[in-house]
Amino acid sequence: MFNPNSTAVFKDQGVDTGLGYVSLLKSVTYFMSLKDYVILFAQSFEDFRFQELESLAILEGIKADFSNHHKHTPYLIVRLENDTQAKKLIRRSICCRAIYSLWACAKSYNDLHFILRQSGFTDIKKEPFRHASFKFVVESFNKSHSIEHQIALINSFSYLALEGPVFMNNPEEIYAILEEWTVDSLKYVFMGRQIAKSSRHAVNWFNLKKRRYIGNTSMDAELSLIIANQALAEKGKLVYDPFVGTGSILLACAYYEAMIMGTDIDGRLLRGQNGRSIHSNLEQYGLTSKFLDIFTMDFLHPAIRDSLLLDIIICDPPYGLRASPKTLRKNVKNTSPPKDASGCYFHLKKDYIPPTEPYSFDELIAKLMTFASDHLLTEGRLVFWMPSMEEKPEASVPQHPNLLLIANSKQCFGKWSRKLLTYVRKDRTVFNQNVTPEIIENKFREKYFTSKNK
22 MFNPNSTAVF KDQGVDTGLG YVSLLKSVTY FMSLKDYVIL FAQSFEDFRF QELESLAILE
82 GIKADFSNHH KHTPYLIVRL ENDTQAKKLI RRSICCRAIY SLWACAKSYN DLHFILRQSG
142 FTDIKKEPFR HASFKFVVES FNKSHSIEHQ IALINSFSYL ALEGPVFMNN PEEIYAILEE
202 WTVDSLKYVF MGRQIAKSSR HAVNWFNLKK RRYIGNTSMD AELSLIIANQ ALAEKGKLVY
262 DPFVGTGSIL LACAYYEAMI MGTDIDGRLL RGQNGRSIHS NLEQYGLTSK FLDIFTMDFL
322 HPAIRDSLLL DIIICDPPYG LRASPKTLRK NVKNTSPPKD ASGCYFHLKK DYIPPTEPYS
382 FDELIAKLMT FASDHLLTEG RLVFWMPSME EKPEASVPQH PNLLLIANSK QCFGKWSRKL
442 LTYVRKDRTV FNQNVTPEII ENKFREKYFT SKNK
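So for the sequence shown, this note's numbering puts the first residue at 22; every next one is plus one.
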């Protein structure tokens, strides 16, 4: 038997038998030991799939290559070590639906059956799932089949040595026939055994229609969970949202067991009304133990101490559609705080709303990136939305020498779009420049309303 640690095989060829070859052979042996799996994606937010999978792989410590995925197909073949790794990869995923152990892939059913017969899947006597209850499912992309046709497709796999009973509800095993069609022909067909489902059930769990407290800026539940995954929110991490609003994104981070805190210039959003507030949402989902605090603060004049270090900064900054950037305003004409008729200072009243004035969105982003550079731990993440009227995803992307842009996902709304930008804090011991970030002039609000008036 060939020993990958042996150098004898090279001696007659006159090649270097150093550790480089041993390392190469070990890498080849490892690669050959990997198993093929196929991921089935949900048909939503296609531009976020790759970035979410990469983030989840980092979170779980999994080495995998997702570069061959195209957003116009719902399938992705990946090579992983085992089923346990496959379960870990998509256990938190929102963009994925399920992952399957890939038994065969072909461009026609005749070729698929030939591959299955030749590869030994007709004899699975040694497999632990041979006698397990099971069912077959047919998933078709760009095609719809009648029930009769689906049954015929399933029956064509009767040569497989599956001896367990068929259970349509809660079977022990699920076998899938996955099709991808062009307009008029079958492009690919996959056959495999389901290893695990993703966490898409959480989308319905956090549905805004079921939530006690929402506002006009509340983030969609599915996007909130994707953002939390992109930020690597997990147990033991501290998450801060400087424009917390009704707390939708923080709620998703708390779901993944991160500790959450936030601020907003509008205290009315934080306090809520009629017993409904951010805290009531946390109570609704049993996540109050993950709540640190929320407080009213002008982010442009932060009250957070300089020494505070964070794992994650995550936000949807106001960019002028449903909410505009604002900062506190001082009336320079008043030499002393104003009072009401009874002599009570206005700013001491419970319902006091401090005066504000509009603020440049570009300057707000510059402040956000500087704040992230100062307060993020090494490898900490800054994740935020950036609106754009540009067609190219890389247009109008701000940069900072201490932050590395690692993801840029686009969500389109017709004439305009917004990009979910993800930055990683570079090593604080090496990259600690106190400089102004490079902000490309955005002027989104002006461009948006100018185009609306045309």
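For the record, the hints were derived by calculation from the structure and aren't laboratory data. From the three backbone atoms N, C-alpha and C, an ideal C-beta is built for every residue, glycine too. Misleading hints may appear alongside valid ones.
As the list claims (entries may be wrong) - Calculated pairs, EDC-like style, for lysine to aspartate or glutamate (alpha carbon to alpha carbon, straight line, at most 20 Å):
(1) 311 x 361
(2) 56 x 68
(3) 256 x 314
(4) 256 x 201
(5) 109 x 86
(6) 92 x 200
(7) 164 x 194
(8) 92 x 67
(9) 208 x 193
(10) 230 x 314
Unchecked claim - Have a look at the derived ranges for each label pair, beta carbon to beta carbon:
(11) 84 x 222: 41 to 49 Å
(12) 148 x 256: 32 to 40 Å
(13) 138 x 452: 51 to 59 Å
(14) 237 x 56: 18 to 26 Å
(15) 88 x 296: 43 to 51 Å
Query raised in the report: Has the given pair, residue 230 with residue 314, been kept, meaning a C-alpha gap of at most 20 Å?
Result: Cα-Cα ~25 Å, so violated.
Query raised in the report: Using the C-beta atoms of residue 237 and residue 56, is the stated range 18 to 26 Å upheld?
Result: violated, 48 Å
Query raised in the report: Hey, residue 56 versus residue 68, does the alpha-carbon distance stay inside 20 Å?
Result: Violated: residue 56 and residue 68 sit about 26 Å apart, past 20 Å.
Query raised in the report: Is the Cα-Cα distance between residue 256 and residue 201 20 Å or less?
Result: violated, 38 Å
Query raised in the report: Keeping to a limit of 20 Å between CA atoms, is the pair of residue 208 and residue 193 held or broken?
Result: Since the Cα atoms of residue 208 and residue 193 sit roughly 30 Å apart, the hinted pair is violated (cutoff 20 Å).
Query raised in the report: Has the given pair, residue 311 with residue 361, been kept, meaning a C-alpha gap of at most 20 Å?
Result: violated, 40 Å
Requested in this report: Could you grab the alpha-carbon distance between residue 92 and residue 200 and see if it respects the 20 Å cut-off?
Outcome: It holds: about 16 Å lies between the C-alpha atoms, which stays within 20 Å.
Query raised in the report: So does residue 84 sit 41 to 49 Å from residue 222, Cβ to Cβ?
Result: violated, 28 Å
Query raised in the report: Keeping to a limit of 20 Å between CA atoms, is the pair of residue 92 and residue 67 held or broken?
Result: With a Cα-Cα distance of about 5 Å, the restraint between residue 92 and residue 67 holds, given a limit of 20 Å.
Query raised in the report: Per the hint of 51 to 59 Å, is the separation of the Cβ atoms of residue 138 and residue 452 within bounds?
Result: Holds: the Cβ-Cβ distance is about 57 Å, inside 51 to 59 Å.
**Report entry** Proposed proximity, residue 314 with residue 256 (alpha carbon, max 20 Å)
**Finding:** Cα-Cα ~17 Å, so holds.
Requested in this report: Could you check the hint for me, namely that residue 88 and residue 296 are 43 to 51 Å apart, CB to CB?
Outcome: Between residue 88 and residue 296, where Cβ atoms are some 50 Å apart, the hint holds.
When the structure is compared with the earlier hints, violations turn up for hints 1, 2, 4, 7, 9, 10, 11 and 14 and for no others.
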